[in-house]
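Chemist: Heads up: the protein sequence lines correspond to chains A and B, in order. First residue of the first sequence: 1, per this note's numbering; consecutive thereafter. First residue of the second sequence: 1001, per this note's numbering; consecutive thereafter.
Hints may contain errors.
Said to hold, decoys possible - Derived lysine-lysine pairs resembling DSS-like cross-links, with alpha carbons at most 27 Å apart:
#	chain 1	residue 1	chain 2	residue 2
1	B	Lys1143	A	Lys101
2	B	Lys1026	B	Lys1040
3	A	Lys244	A	Lys307
4	A	Lys307	A	Lys205
5	A	Lys173	A	Lys213
6	A	Lys131	B	Lys1143
Since the hints were derived computationally from the structure, they do not count as laboratory data.
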Amino acid sequence: MISIRQVSKRYQETTVVDQVSMEIESGTITTIVGTSGSGKSTLLRMINRLTDMSEGEIWIEGRNIMSQPATELRRRMGYVIQGNGLFPHRTVAENIATVPKLLQWQASTIQERVYELLDLFDLEPKQYAHKWPHQLSGGQQQRVGVARALAARPQLLLMDEPFGALDPVIRHKAQEDLLTIQQQLGITILVVTHDMDEAFLLADKVAVMHDGKLLQYAAPEDILVNPSDPFCVQLTGTSDRALKLLSLAKAKDHLQPVNEAIELDMPAEASLRDVLSELTWRGVPITNIINAQGQRIGSIDLPQILKAGQAR
Amino acid sequence: MNRIGAYWPWLVRLVVLLLFLALVFKPYWFETLFAPLAPKGAAVIYPQDSLASLTGQHLELVLVSLVVSALLGVSAGIGVTRPSGLEFLPLARAIANIGQTFPPVAVLALAVSAVGFGAYPTLIALALYGLLPIFENTVAGVKQVPYAVLDAADGMGMSASQRLWGVELPLALPLILEGIKVATVINIGTATIGSTVAAKCLGEVIIAGLLVNNMAYVLQGGLIVGLMAVLIYDLLGLMQSFLVQRLGLSAQVA
Ligand SMILES: Nc1ncnc2c1ncn2[C@@H]1O[C@H](COP(=O)(O)OP(=O)(O)OP(=O)(O)O)[C@@H](O)[C@H]1O
Ligand SMILES: [Mg+2]
């Protein structure tokens, strides 16, 4: 658990983070959204002490972050930034090995870990380990950046607009990968992002910042359904909020009995938004839902979807 | 075609190197060539000291002063780019620049009054002259390291010295070497005036030539100094590109 207690940051007279308090549960993804200059990066950077806080306390797993040297603290968390910040004079393998080296792991352990991570991120170790960062595509560099942050098995990963420089297709893939990795490793992740769709897709909880204040800290559905502030409404937009809500709902959570008369099947992991889109496209009012093994586990029809996307 | 093309630079290097060595060690081979430039009856080849030992002493002056300016220039450049040294940057720049605007002869004269005649005043003047390009290039080299890279280094938990040695200096190295290269060439030329304050170097040949109006001496001294500068500049360039490749920086520098 990360406990942020009345944390503020001031530069001379201006307060850029203002009395922020929040509790982040371990093993979850929290996204921090807000307009430019609202203090998102500052808040994130106070957690690994790249920025000193002016006031307040931050506790991680029952330990005050000020109770240990900053370098030690940072070696135990991952940090990923926009534009990835890979070391241009170090190979992919050396980049990934940065923190394990700082922690003085054995060379053989480091090598094993590097290969394991390259595999995890779909980068064929033999082919990529000895490449220079400039020989990789933007998407590959970004994956190496995340692999480097995860190298020493941190329990907490801080990401500041990690996918900001990627094109939409690669970006979507990177988001999916991050979700998969989070589920595999069970780590806690904090992601700063400008992109509301990204924030909603990734988050267990969303933190909305504005002018240094934390306006709302809640599950994505709650932000849509019960915005605590006009600014939250403005940020999420009103034109497609029903669709946003549907995109947060999984088909498997809205099942009715299987209808054997229906030909169409969709996966249980699909969102209701995907289901709605597919039904509209085919001009049919109902589909069956199948699990990963291909067995029909239920069905979903249009009235069901209307209900799920309705204002509450 | 391409394969032959790759050998060309090495062929030129070899020819220049052989010419230089011949001028230094076998000056009498060139007697007929220089003869028209010498006054009737005068020696064609500088007789006082062997050209080889003068060349050696000249190189020594340059090398020693260069080591001093490199040590001072690089440390000062690192110092003023640390958070605690940032406020000294304008001052250090001003001092280094003023040093450069002093005419070499004036610096020599001042140095002589401080330490007397001989090699020392020359070394002081040369070290001062080499300082500016090395200092400026170190500062530029450290400053051009991208912010994202430094932020990542800090974020990974590198200490200040791990960041300096592991990230900032390697990334600044190409520019630092460039500064050393420039300083070397400046100093090879400037060292010649050291002979006016009794430092042993190739300037002696040129000045002797001017005094007795023997253009053959002037040309010999000048040629050796010039070829030496070309060869060393080229050698440093090779070292630079080798290091840059080893460090994987070719993309940025090329
Ligand atoms: N070192 C600093 N000195 C003075 N002001 C600063 C400093 N760093 C940040 N600020 C100010 O703090 C405010 C918050 O900055 P921060 O980088 O946290 O915003 P952000 O929400 O991450 O914005 P963006 O979305 O553009 O990245 C900004 O107004 C910025 O100008
Ligand atoms: Mg930011």
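Chemist: Can the restraint linking lysine 307 of chain A and lysine 205 of chain A be considered satisfied, given a maximum Cα separation of 27 Å?
Modeler: holds (23 Å)
Chemist: Taking 27 Å as the top limit, are the C-alpha atoms of lysine 173 of chain A and lysine 213 of chain A close enough?
Modeler: violated (32 Å)
Chemist: Just to be careful, I want the Cα atoms of lysine 244 of chain A and lysine 307 of chain A compared with a cutoff of 27 Å; is the pair within it?
Modeler: At roughly 14 Å apart (the allowed maximum being 27 Å), lysine 307 of chain A and lysine 244 of chain A satisfy the hint.
Chemist: Is lysine 1026 of chain B close enough to lysine 1040 of chain B, meaning Cα to Cα at most 27 Å?
Modeler: Distance ~22 Å between lysine 1026 of chain B and lysine 1040 of chain B Cα, so the pair holds.
Chemist: Are the Cα positions of lysine 1143 of chain B and lysine 101 of chain A separated by 27 Å at most?
Modeler: Roughly 26 Å separates the two Cα atoms, so the pair holds.
Chemist: Given the hinted pair lysine 131 of chain A and lysine 1143 of chain B, is their Cα-Cα distance within 27 Å?
Modeler: holds (26 Å)
Hint 5 from the earlier list is the only one contradicted by this structure; the remaining hints agree with it.
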